[in-house]
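**Student:** Chains as they are written, first to last, in the UniProt record's numbering: chain A, 1 to 535; chain C, 1 to 675.
Mixed in with the good hints there might be a few duds.
Examples of chain C residues toward chain A, derived with CB under 10 Å [what the hints assert, rightly or not]: (1) Pro228; (2) Gln268; (3) Ala311; (4) Asp312; (5) Asp414; (6) Arg459; (7) Arg479; (8) Gln505; (9) Arg513; (10) Gly517.
Treat the hints as calculated values from the structure; they're not laboratory data.
From a predicted model like this one, the values you see are computed outputs, not experimental measurements.
For every residue, glycine included, the Cβ atom is placed at its ideal position computed from N, Cα and C.
Residues per chain, in single letters:
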Amino acid sequence: MVTLDVRPQLLDALSALRDRVAAARFPLPLAGAPRARANRDELLAQLDDYLVPRLREPEAPLLAVVGGSTGAGKSTLVNSLVGRRVSEAGVLRPTTRTPVLVCHPEDHHWFSGMRVLPDLTRVWVPHREVGDELLLPGEDPARVLRVETADTMPRGLALLDAPDIDSLVADNRVLAAELVCAADVWIMVTTAARYADAVPWHLLRTAKEYDATLVTVLDRVPHQVVSEVSRQYGALLTKAGLGDVPRFTVPELPESAWGSGLLPASAVASLRTWLVHLVQDPAARQHAMTRTAHGVLDSLKARMPELASAAAAQYAAALRLTSAVDTAYDSEHARVRGRLQAGAVLAGDALKRWRAFPLDCSGQELLDALVESLAALLLCAVTAADERVAEAWRREPAARAPELTGREPSLESPEHRIGIAVRRWRRELEEYAEEEVRELDRSVAPDPEVVAVLVATVLLGGRRARAAGERLAERIGAHGALRLRDRGGRLLTETVDRVMHTERERCLAPLDALDVHPEPQAELIAALSVLQKER
Amino acid sequence: MTAVTDQDHTEHADRAGENGGAGGERSAEGASTEGTSGEGTTEGGASGGGGSDRGAHEEPDGSKSGNGRTQKADGSEKGRHARVERDSAGTGARADAGRIDSASAEAADAWDDGLIARRVSEEDGGGERVPVAEVRGHSALPSGPLVYDGRLRSRLEALRELVGLSRTRLDSRTLAEAGRVLDEAAARRRLSGQHTVVAIAGATGSGKSQLFNALAGVPISETGVRRPTTAAPIACSWSDGGATLIERLGIPPRLRRRPLQNPEAEAQLRGLVLVDLPDHDSAAVQHREQVDRVLALVDAVIWVVDPEKYADAVLHERYLRPMAGHSEVMFVVLNQTDRLPGDATHQVLDDLRRLLDEDGIALGEYGEPGATVLALSALTGEGVGELREALGQFVAERGAPARRISADLDAAADGLRPVYATRRRTGLSEEARDEFAARLADAVGASAAGEAAERAWLRNANRACGTPWLRLWRWYQDRSQPVTGRLSLRTPEDAEATARQRVEQAVRTLADRASTGLPAPWAQAVREAAVRGSQGLPEALDELAARAGLPPGRPPRPGWWPAAVLIQACMTLLQVVGGLWLLGQIIGFMAPNLGVPVLLMLAGIVGGPIVEWSCRMAARGPARRYGTEAERRLREAAAGCGRAWVLDPVAAELLRYREVREQYGRVTGVVTSPR
C-alpha cells in the first residue's frame, strides 16, 4: 500500500500548479471554452477544497459527501446516520438548499475555519429544537455551509449533505459539484426508481475516473423488490467496471421520506459500521485517504493537458483574429499606397479645382480640396479594412465574445482622427514650402502658398500632376523642387502609415484587452511536470 | 361481442390490407372477431395480453444490452436489431427522422454544459443512429382526414410562402424547423382527423406503463422494477382507422394493441390513440432518441411525474421549457400519490404547479386554455377516472392535432423571429438618399466645376468688356508668364476623373443606412446589392460627367454683351478721337479749341472703366446662373447614375424584405400593415 508521504516540495509544486490553474482564462467563446472553464473551476475546487488541505494535514477528519439526484433521500440518510434531524427533509424538491456538515464536537475546529471549502460562509447553529426553521433568513442559501455537531458521530469523520447534483436550481448544481470534489469519501445515493438514470451514472463514472473512494447507497427500495433491484443495480455497476464498490441497500419505510425524517438505526447500520470502520481502523483510513488523494493527483495527468490544450486553442483563435485584422489592414494599406501613386487623390473636386488653378481657383481652395480628398481616401481605406475584419470575424466563433462584439464607437471616430492627421500634414508641408522659399536667393521670391499647393499636387497627383512638377521646378529650381518633394513625400508616407497603424490598433484593442497569451499552455504543462517529478 | 360487430366494414378491409402480417395485433383481432359471447371478451383480452407479453419479451434483451452504454458492441447490436425490426415491420422510416436526430443531438450538446453530473460522453449516441431511408407514402387515406380551420390554414400557407421567399437569403439550417413543421402539418392533415394521438412520457420509474395499462384496462405494457422498463413505444388504439397514424410514429404492428373491450370506456375514449413511450432520462440514450422522435409527431402529451422526480432538471430544462408553447396539448400527471402521506399530495401538486409556471407553461385552471395538471395513483386507481374523463373530453373535441400544429407553428415562428422581425424602423430615408446624391456629386466634383465655370464666365466677361488698354496689358503679362491653367486643360482627358474613394465611401454609407435595423441576413443582402450595383459606377460617372459637363469652347453670351462691347469701343474711339484732335491742335493742323477734345477724351477715359464696372456688375447674375447650371447638370447626372446603379437595387431589396416581413406577420397571425 502506498503511503501518503507529503514532502514540502510536493506541496510547493502543487500550490504552484494551483496558481497556474487559477490564472488560466478562457475568454473567447470557442466550442470547448465553457467545458474548459467548468473543468478549471472543478479542478480548482478540488485542489483548494480537497487536495492541498488533505496533503497539508493528513490527520484531519475524513469528509464524506453524500451526493445524488433530487429526491434520492440524501438528507434522510444523513439524519438517520447521525441519529437526529440535522438536515431538512421533505416532499418538496429540491429540499436541501444549504449544504450541512455534521461532525463530532471535538472535530469542530477542523471545519469551522477556512481550511476546506474556503469560499463558503460558515453558519454555526447551536443545537436547536427539532421543528425550528433551520434555514436562516437573510442569507444567500447557495453560498453558505451550515456546520452541525453531534455526539453520535464517530471522531474523525464528517458527513456533508450536499444539494441535488442535478437540481433545477442552477446554483445548487454548481455547489453540489464543488462539494463532491471536496470529499475523501464519495457516498452516492440513488433510489429504486432512479438507479438507471443517466445523471447518477455520470457522477459514478466521474468518481471512477478520479479513482475516489466511493460507496453507493441504493435508497428507498420497496422491500418486496429488494433482492431483484439490488441484483439489477449490482449488474449495472459491474458492467460499468464498478463492481468492487461497496453497495448498501436501504429499504423504503413509511418514515423514509415524507417528513418525519429518521429511519430506524437498523436500516442504516451496515453503512454506519462501514464508515466507522473506515475512520477507526488506521489502515483502512489510510487506504481510503490515499486512494482518493492519489486518484486526484493521477487525474491531473489527464486534466492538465486538457486545460493546456484549451488554453492553446484560445491562443490560436486569438491569433487567427489578429491575423485577420492584420491581413485586412495590410492589404488596404497597400491599396492606399497604390492609389496614391496613381494619383487617385487628384480626382473629382480636387481635379476640377486643379484644372481651374490658378485662373479660377485660389491656392487655398485647391489645397483644401486636396487635403479633403486625401482624408476621404484614408477614411475609405480604414472603413473598408474594418468591413473586411468584420466579415472575417463573422466566420470565427471566437469573435462572438461580448467584449469583441459590443464595441462602442469610440468618442473620436476614425474620421475625426484622420482629419487631424491630414491637416497636420498640410501644416507641415506649408512650413516646408516656406522654409524652401526663404532659402531661395531670388529677387522675386515666389509665393510660398503657391509652392505648397504645387508640391501637394505633385505628391498627391501622381502622373497626372506632371505639369505641377514642371511649374514647381520653374519657381524654386530643380534642386529645390526635388528636395521639397522628397521631404513632403516622406512626410506623406509617415502620415499614411501612422493613420493605418492607429486604426489597426484601435481595431485590435478589445482583443488585446482580453489578454490571451501563449504562455498559460506551457506554464500548465511545466507545472504538471514539476509536480510529476516531485511525486 | 358487440364492440366488434359494430365496427365499420370498410375499416376492416383497410386494416387487413395494410397489415403485412405481424404478431400482436392480428392475433388479438383474430381472437376478438372469433369471440361472439361475453366470454370472448376476456379471451380476446387474455390473448392480447399474451401477445403483448411476447412483444415485450422480445424487447428486453435489447434494452438490457442497451443499459450498459459503455459497451459499444452491444449498442450497435441493438441498433442493428432495431433496424431489422423496422424493415420487417414495413412501416417505413420517417423522412425527417434524421433531422430530428440532429436536432436532439444539438439539444444534447446544449444541455451538456460540462457540469460534473451531466457529462454526456462522446460515445453515448454515436453508434446507435439508424440510417433512415426517405420513404413517405400513405396511399390509403383513412376516413375523414383532418381539417384545419381557416386561420391555421392561412398561417401555414403564409409560412410556406415565407420559406419559399427567403430560401435564397437564409441558410437551410435556419429554415429547417419551419420546413419540418410544414411537412408534419401536411402529413398529419392527410391522416385521420377523428383520432387524437396522445403520448405518455416521463422519467424512468414514474409509472408511465402503469398508467397506460390503467387507462387501457389491460396489462398491455410491461411494468416492473427493472429500470428502464419500456424500451420501444407501444400504441393502443380505442377505435379503428388510426392505423396510418400509428404507422407514422414508426410503431411496428406487433407493438399495436387494443384496450379492454368495454363499450362504456370505448365510447368515452373513442378516437384516442395512446402511445406508451420509453423514458427520457435513463442511461440508455436510444430511449431518449425514441422519445424525441415520437414527441415531435404526436398530437398531445401526458407527462407523468412522480413525487421523487417531479423537479428533475432534465425534465424541465430539456422538455417542458422548450415545449411551453404546447401547454394546450399537455397533461401533467403526478403519479404515485399512494406513496405520499396525507396532505402532502396537495403540497407537492402546488409545488409542481409552481415549477410549471416558472417553466412558462400556461396552466388550464378556471377554464382558461392550458395544461391540465392532475394527481393520481395508477396503482390504486385513484384519480385515473378523472384523467379518463379529461382525456375523453379532450379527444371528443378533436381539436388537439390542429392545436399542436398551431403551437408548432408558433414555436417555429418564434425561432425565426430574429431573422425576420426587428423593432427598429427600417427603410431608406429621404435624407439618406439626398446624402448619397450629394456624396456622388462631391465625387464628380460638381460644386468645384460650378464655381470654376462661374469664375471663368466672369473672367471672360471682364476681358470682353474691359478697356482695350487693360486687355493689352494682360496679354503682355500672359506672354511673360506662361499660364498653367490652360496647360492642364490641354492634357488629355483623364481616365479617372471621378474620385473612386468617395464613390466607394458613399455606397458604403448608403448600404449602412439602408441596412440598419434589418435582421442580419437581410442586412447582408442589402449590402451585397449595394456593392454589386456600385461595380462600374465610377466608370459610368466618369462618362456621364464628361457628357454632362459644359460644352467646350466659349460660354454663351447675353444679348447686351455686344452693346456693351460697342459702348466700350465707342469710349475707346472717343479717347482716340479726342487724342487725335488734341494732337492736331498741337501740331497746328487744327484750330486750337481745347475744351471739346479734352472733354471727349475725359469722357472716354472715365466712361471706359465705368462701362467695365457696370458690365461686371451686370455679368454677376448670368455668371452665377451659368455656374449653377453647370453644377446642376453634373449633380443631376451623378444622382441619376447613382439611382440607377445603386439606389434602385437597394430599394428593391428593401421592398423584398418588407414583403417577407409582412408574410412573417401573417405567419404569426398578426398582419402588420406595411410601413
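**Student:** With reference to the structure, classify each hint as holding or not holding.
**Tutor:** These are the hints, each one checked on the structure:
1. Pro228: holds, 5 Å
2. Gln268: violated, 31 Å
3. Ala311: Since the shortest Cβ distance to chain A is 3 Å, the answer is holds.
4. Asp312: holds, 6 Å
5. Asp414: violated, 22 Å
6. Arg459: Since the shortest Cβ distance to chain A is 7 Å, the answer is holds.
7. Arg479: violated, 15 Å
8. Gln505: holds, 5 Å
9. Arg513: The hint is violated - Arg513/C has no Cβ within 10 Å of chain A, the shortest such distance being about 14 Å.
10. Gly517: violated, 17 Å
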